[in-house]
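**Q** Mind docking chain L on chain X? Use the hints.
Sequences listed follow chains X and L, in order.
Residues 1125 to 1356 in the working numbering are what the first sequence spells out, letter by letter.
Residues 1445 to 1721 in the working numbering are what the second sequence spells out, letter by letter.
Quick caveat, the hints were computed from the structure, so don't treat them as lab data.
In this text the structure is predicted, and so the values were computed from the model without any measurement.
Do not rely on the hints blindly, as some may be mistaken.
To be verified - Straight line, CA to CA, 30 Å or less: simulated BS3-like cross-link-like pairs of lysine-lysine:
id	chain 1	residue 1	chain 2	residue 2
1	X	Lys-1305	L	Lys-1477
2	X	Lys-1305	L	Lys-1485
3	L	Lys-1583	L	Lys-1559
What the hints assert, rightly or not - Which chain L residues face chain X? A few, computed with CB under 7 Å, are given here:
id	residue
4	Ala-1573
5	Ser-1580
6	Gly-1582
Stated by the list, open to error - Where chain X lies over chain L, by a calculated footprint (3+ residues, C-beta under 8 Å):
id	stretch
7	1453-1459
8	1477-1486
9	1503-1509
10	1694-1706
Backbone N, C-alpha and C define an ideal beta-carbon position, used for all residues, glycine too.
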Amino acid sequence: MKRNLPLFFAFFCGILVIVSEFIPHRPFSMMIQTLQDWFMIISGFAILLGQISLFQSNLAKIQQRESGWMYYLAGLISFIIMLLVGIFWGTQETGGLFGHGANIQAAMGSKPFDYLFDYAYQPLSATMFSLLAFFIASAAYRAFIIRSFESNLLMITAIIVILGRTSLGGMLTSWLPESLKFWHLPNLSDFIMEYPNSAAQRAIMISAALGIIGSSLRIILGIERSYLGSDK
Amino acid sequence: MSAVSSSQVERRIVFLLLLIAVALPLIFPLGWKTEVSNYSKLAWNLIQSAPDSSVAIFSFDYDPSSMTELQPMAEAMLDHAFSRNHRVLVMALWPQGMQMAEQAFSKILAKYPDKRYGIDYAYMGYKVAGIVAIQSMGKNMAEVFPADLSGTKYQDIPMLHDVKTLKDIAYINSLSTGVPGIKEWVMAARDVYQTPVTGGTTAVSAPGLIPYVNSQQQLFGLLGGLKAASEYESLIDVIGPATVKMDSQSVAHILILFLIAVGNIKALRARKRGHNE
Chain X
1125 MKRNLPLFFA
1135 FFCGILVIVS
1145 EFIPHRPFSM
1155 MIQTLQDWFM
1165 IISGFAILLG
1175 QISLFQSNLA
1185 KIQQRESGWM
1195 YYLAGLISFI
1205 IMLLVGIFWG
1215 TQETGGLFGH
1225 GANIQAAMGS
1235 KPFDYLFDYA
1245 YQPLSATMFS
1255 LLAFFIASAA
1265 YRAFIIRSFE
1275 SNLLMITAII
1285 VILGRTSLGG
1295 MLTSWLPESL
1305 KFWHLPNLSD
1315 FIMEYPNSAA
1325 QRAIMISAAL
1335 GIIGSSLRII
1345 LGIERSYLGS
1355 DK
Chain L
1445 MSAVSSSQVE
1455 RRIVFLLLLI
1465 AVALPLIFPL
1475 GWKTEVSNYS
1485 KLAWNLIQSA
1495 PDSSVAIFSF
1505 DYDPSSMTEL
1515 QPMAEAMLDH
1525 AFSRNHRVLV
1535 MALWPQGMQM
1545 AEQAFSKILA
1555 KYPDKRYGID
1565 YAYMGYKVAG
1575 IVAIQSMGKN
1585 MAEVFPADLS
1595 GTKYQDIPML
1605 HDVKTLKDIA
1615 YINSLSTGVP
1625 GIKEWVMAAR
1635 DVYQTPVTGG
1645 TTAVSAPGLI
1655 PYVNSQQQLF
1665 GLLGGLKAAS
1675 EYESLIDVIG
1685 PATVKMDSQS
1695 VAHILILFLI
1705 AVGNIKALRA
1715 RKRGHNE
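If we strip away everything but chain X, and leave its shape as in the complex, we get:
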């Protein structure tokens, strides 16, 4: 029962969603609307579940003094601070347990949650992403080496696209006459993106979609059961 009931629900809901795509009328349209509402509610709870899981896993690592436990501690402290200031004074337009904290806002210029978001989280997050530029530069220096026909092709394409994405690329070939505009670097770069890139991307998308359909059918028909917590 413990295993069969979830399998039945997965089968029933899966078939219902597929049928409703082909017959978008009552009663299927109403049933699917209800399922979508449930999905949104459950997704909301999933966020809460994720937070509880984050708290527990970090706490366990700190208690066991795992390597790098100070980082987990820093993460946990940050999590608790953001959670508390959010609960107490809310964020943006929404008030918290203690209202909007007018006095604090007057002192800090914004609510504590928004202040921490703007001046701590946001710069840190943007910095992490920006660091990628340094690694890409270093990787380009070491990886884009002519070794074979394929690597040569990759490098030439990369050079055209990189140049085409800069202001200088456009200036370099802006003197070309109208009849040779195809060779203008931004146009050449757009051509690569629009045709070879799109063709490859579409192939990937179609393959991925077929894979998703296969996996979904396996779940609906009860062949794939790992989501129940065990393969048995």
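**A** Just chain L now, kept in the frame of chain X:
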């Protein structure tokens, strides 16, 4: 040991050069002009051609990590929408999207002080469930957004009186970094309800979305990265953050090309040395 040290020194030199390449053009702007691509022009056309007082959705589906590229797009497109007197429903499929939206609005509203909340724009907040939330919006918007961020009921927001489903929306602009984002808007809004969709994404994500800019107009143009943001700024005659930062990006790209050349020369010399030995 010495090989490891030399590689580390090389890497540090690359990092230092990149820092200089990015910083110098910010201090001493070069003022290089950016050519407008068809993708940016298509996105601009969609907003430009939407009728006066149309209701549009601006979905902020990103977080601070990609704000360097996406925030200038959001500001430029919002500026354009307000200049065309469109009314903007603001929402987010990413938890931190509304913070990004508020920052963009606080900047653009300074330029349009006559725009009023509830009449010209409304903050509907973050929605969980991604594509399922969009599918539900196609059936009943009020059910997905019972109230705005300040608690005002959907029915009491003047600009949304005639907006029942996604079919009543003139266009959707999704600024997205990943999932859920532009792809989900195309699949659940454009393909099902024919509501035009446009958007902006990071330069690395753009190649994956370009197939949607096709003859079926699944996507009306696409802004990819800082360059496209600066193109959009030039289309609306604004010198904004993207135009200023574009010089840095151009110089950094040229440096990367230079580094690729140096790397190849180095590899060629090493290969020759190997043959001689």
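**Q** Now, for every hint given, state plainly whether the structure supports it.
**A** So, going through the hints one by one against the coordinates:
1. Lys-1305(X) - Lys-1477(L): holds (18 Å)
2. Lys-1305(X) - Lys-1485(L): holds (18 Å)
3. Lys-1583(L) - Lys-1559(L): With Cα atoms ~29 Å apart, Lys-1583(L) and Lys-1559(L) stay inside 30 Å; holds.
4. Ala-1573: holds (4 Å)
5. Ser-1580: holds (5 Å)
6. Gly-1582: violated (10 Å)
7. 1453-1459: Satisfied; 4 residues make the cut.
8. 1477-1486: holds (count 6)
9. 1503-1509: Since three or more residues must qualify, the claim that chain X covers the stretch 1503-1509 of chain L holds, with 3 doing so at under 8 Å.
10. 1694-1706: It holds: at least three residues are needed, and the stretch 1694-1706 of chain L offers 10 whose Cβ sits within less than 8 Å of chain X.
Checked against the numbered hints given earlier, this structure breaks only hint 6.
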